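Chemist: Sequence:
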Amino acid sequence: MEIISVIIPAYNEEDRIGATINSLNKIKEVGEILVINDGSRDKTGEIAAEYGVKVINLPKNRGKAGAVMEGVMRAKNDLVAVVDADLGDI
Numbered sequence: 001m002e003i004i005s006v007i008i009p010a011y012n013e014e015d016r017i018g019a020t021i022n023s024l025n026k027i028k029e030v031g032e033i034l035v036i037n038d039g040s041r042d043k044t045g046e047i048a049a050e051y052g053v054k055v056i057n058l059p060k061n062r063g064k065a066g067a068v069m070e071g072v073m074r075a076k077n078d079l080v081a082v083v084d085a086d087l088g089d090i
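Residue numbers (the UniProt record's numbering): 1 to 90.
Keep in mind the hints are simulated off the structure, nothing from the lab.
Here the structure is a predicted model, which means the values were calculated and not measured.
There could be a bad hint or two in this list.
As the list claims (entries may be wrong) - No more than 27 Å apart at the CA atoms, straight line, and that leaves these computed lysine-lysine pairs for BS3-like:
#1 Lys26 - Lys43
#2 Lys76 - Lys54
#3 Lys28 - Lys60
#4 Lys64 - Lys76
#5 Lys26 - Lys64
#6 Lys60 - Lys76
#7 Lys64 - Lys43
#8 Lys64 - Lys54
#9 Lys54 - Lys28
#10 Lys60 - Lys43
#11 Lys76 - Lys26
#12 Lys43 - Lys54
#13 Lys76 - Lys28
#14 Lys54 - Lys26
Stated by the list, open to error - Ranges of calculated distance between the beta carbons of each label pair, as one might list FRET restraints:
#15 Lys28 - Pro59: 26 to 36 Å
#16 Asp15 - Lys64: 10 to 20 Å
#17 Lys28 - Lys60: 32 to 42 Å
#18 Asp89 - Lys43: 32 to 42 Å
#19 Gly52 - Ile90: 13 to 23 Å
#20 Arg41 - Glu2: 34 to 44 Å
#21 Arg41 - Met1: 30 to 40 Å
Don't be surprised by glycine CBs; every beta carbon is placed ideally from N, CA and C.
Work out the full structure: start from the sequences and follow the hints.
Modeler: This is the structure:
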């Protein structure tokens, strides 16, 4: 099975990002998780970093499409998935 890079565009998701990362870490095909912190004013980026994932902090909110494109450009794997930050427990 091919390894997947998962992009999570996130804006002010400090209450939900941890559960989403935990859920994705349970999937063996997920080789990389990138949280695109899209100009959040809360602790989304700091909390995501505590989970050991790659965090890209955008200084200004670019919107979901802009955050996704940033993630696609930085993903290491050919296969990429986009997951909303509020996915939570699966």
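Chemist: Compare the structure with each hint and give your call.
Modeler: Tested hints:
The suggested pairing of Lys26 with Lys43 holds, with an alpha-carbon distance near 24 Å, which does not exceed 27 Å. Proximity of Lys76 to Lys54 is assessed by CA-CA distance (about 11 Å); at most 27 Å being required, the pair is judged to hold. Taken as a hint, the Lys28 and Lys60 pair is broken in the structure, with Cα atoms around 33 Å apart against an allowance of 27 Å. With a C-alpha separation of about 20 Å, the suggested pairing of Lys64 with Lys76 holds against the 27 Å cut-off.
Only pairs whose Cα atoms come within 27 Å are accepted, and Lys26 paired with Lys64 is accepted, the gap being roughly 25 Å. Among the hinted pairs, Lys60 with Lys76 is consistent with the structure: their alpha-carbon atoms are about 24 Å apart, no more than 27 Å. Among the hinted pairs, Lys64 with Lys43 is consistent with the structure: their alpha-carbon atoms are about 18 Å apart, no more than 27 Å. Of the pairs offered as hints, the one joining Lys64 and Lys54 holds, with about 18 Å between alpha carbons and a cut-off of 27 Å not exceeded.
A hinted pair counts as satisfied when its Cα atoms are at most 27 Å apart, and Lys54 with Lys28 qualifies at roughly 17 Å. The straight-line distance between the Cα atoms of Lys60 and Lys43 is roughly 15 Å, inside the 27 Å bound, and the hint therefore holds. A C-alpha spacing of about 19 Å is found between Lys76 and Lys26, which places the hinted pair at or below 27 Å, so the restraint holds. Of the supplied pair hints, the one linking Lys43 and Lys54 holds, its CA atoms being roughly 15 Å apart against a limit of 27 Å.
For the suggested pair Lys76 and Lys28, the alpha carbons sit about 16 Å apart, so the restraint of at most 27 Å is met. Restraint check for Lys54 and Lys26: the C-alpha separation of about 17 Å stays at or below 27 Å, so the hint holds. The hinted range of 26 to 36 Å is satisfied by Lys28 and Pro59, whose Cβ atoms lie roughly 34 Å apart. Remark: the range hint 10 to 20 Å for Asp15 to Lys64 is upheld by a beta-carbon distance near 18 Å.
With their beta carbons about 36 Å apart, Lys28 and Lys60 fall inside the hinted range of 32 to 42 Å. With their beta carbons about 20 Å apart, Asp89 and Lys43 fall outside the hinted range of 32 to 42 Å. Taking 13 to 23 Å as the suggested C-beta distance range, the pair Gly52 and Ile90 conforms, at roughly 19 Å. The hinted range of 34 to 44 Å is satisfied by Arg41 and Glu2, whose Cβ atoms lie roughly 36 Å apart.
A C-beta distance of roughly 38 Å is found between Arg41 and Met1, which places it inside the suggested range of 30 to 40 Å.
Violated hints for the displayed structure, listed by number in ascending order: 3 and 18.
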